[in-house]
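Using the sequences and the hints given, assemble the complete structure.
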Amino acid sequence: MQNIIILFRYVVFGFFIVFNSVIASVAVWNITFVPSKQTTANNVDAFLIFVGSSGLIVVFSIIFTELGRRNAFTSRLWFELIWTGVCALLQLSGAIASSVTVPSGTCDVSTTACNSAKVLIAFAWMNTIILLVYVTSMTTFLLIYSKEDPRIWQLNIHNLPDIRKPTTTSPPSPILPTLPSLPTLPALPTLPGLPNFVRRPASIVAPQPRKPPAPTTMYSYRSGLSPDYRIEHFQPPESFPPFETSDSPPPVKLQPNRPSSLYPEFLSPSLASSDIKPSPSISRQPPSVKQSPTPPPLGKWPRADIMSLPSATKPTPTLPKGQISRSASRRPPSPSPPPAQLQLQPRFYLMRPTHLRLPLDLDLPVHEYQQVGQ
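Residues 1 to 374 (the numbering used here) make up the sequence shown, in order.
By construction, these hints were calculated from the structure, which means they are not laboratory data. Note that beta-carbon positions come from the ideal geometry of N, C-alpha and C, so glycine has one too. Any given hint could turn out to be false.
Here are the computed distance ranges between Cβ atoms for each label pair [claimed, not checked]:
hint, residue 1, residue 2, range
1, T136, H158, 19 to 29 Å
2, V18, G68, 15 to 25 Å
3, S137, S53, 23 to 33 Å
4, E66, S21, 15 to 25 Å
5, N159, I57, 22 to 32 Å
6, Q208, L7, 54 to 64 Å
7, P150, V28, 18 to 28 Å
8, K118, R9, 29 to 39 Å
9, A72, F47, 29 to 39 Å
10, G68, S21, 21 to 31 Å
11, S99, E66, 31 to 41 Å
12, N159, W29, 51 to 61 Å
Structure representation (structure tokens):
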């Protein structure tokens, strides 16, 4: 609606400029043909010259003002109606006056003067009709829509609100008689085993990347430990604070209760002095421990060489008489070595599961030692 009003306004402005230019120039040309005796015709030509020139001045002033300032007061609707209404009244009065007086005074003089008078009258009436149509249509429009918004008179012609045509209530449609409803047929039974095909819109889902699951760590932190277990980290011995002795008084020594004695009372002092032994005093002072930068080694290292230790002679076990006689009967007789050789002969011992150490004679076979061990 706003675009139509603006387009109509610019069209009226164009015709108004052209018609006023023609009216002013033709009125000047026509005044030369009118004799000086006919003052009424001369006055009408002068009035049309004034109306045409004043209309051109007003319309060009409005156009240049709106080009320099968008929301100028010349574009208000109330100002638009005022100046177009005044120009329409002036054009109407000039057209009526020229139609009555100019032809009678100029057509008797010459044909050229009569033609100029007819052109002046024609353009005066066309300009009047265009202005009257514009003013009438704008006034009707504002009167209709001023009921909805009374502030429409103060609005700018370039910033009109979106006005829609009010809807008229249509008469209710006649109610037609309804036909009796037909009996509905029963639904056909579906065959067993056949699927019911239903058309459903295909759902397109964007594929989502699948991430591999995180690997399970076999040796995770606190694996296999209860929540009450805490890991104690190693700290060097220098970080421990020095031991502070407490200033508490020494403990009271309690003498144990002795059982009742069967001896008479005059012998109890001698018995008590011989039986009771002084209990060793417990010292509260901590032992002096020489701290070392590294923990002590396991056992006593380095150990002494086995060759430097003194050799200890082990006692020779004696065998029962039955076993000695059996081994002596089986063993062939051998020459007896001298006594000095018997002492220097080395002896070896065979370890058995029964933890019995037997003398090992180099001259006996192995199966004899097995029988002796059993």
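Hint by hint, here is what the structure shows:
A hinted range of 19 to 29 Å for the beta carbons of T136 and H158 is consistent with their spacing of about 22 Å. Against the hinted window of 15 to 25 Å, the Cβ-Cβ separation of V18 and G68 comes to about 24 Å, which satisfies the hint. Taking the beta carbon of each, S137 and S53 are about 26 Å apart, inside 23 to 33 Å as hinted. At about 21 Å, the beta-carbon gap between E66 and S21 stays in the expected band of 15 to 25 Å.
For N159 and I57, the hinted distance range of 22 to 32 Å is satisfied, since their beta carbons lie about 27 Å from each other. In this structure the supplied range 54 to 64 Å holds for Q208 paired with L7, their Cβ-Cβ distance being about 57 Å. Remark: the range hint 18 to 28 Å for P150 to V28 is contradicted by a beta-carbon distance near 46 Å. With their beta carbons about 30 Å apart, K118 and R9 fall inside the hinted range of 29 to 39 Å.
For the hinted restraint 29 to 39 Å between A72 and F47, the CB-CB distance of approximately 30 Å keeps it satisfied. In this structure, G68 and S21 meet the distance hint of 21 to 31 Å, their C-beta atoms being roughly 23 Å apart. Between S99 and E66, the C-beta spacing of about 35 Å keeps the proposed range 31 to 41 Å intact. Distance hint check: the CB atoms of N159 and W29 are about 43 Å apart, inconsistent with the given range 51 to 61 Å.
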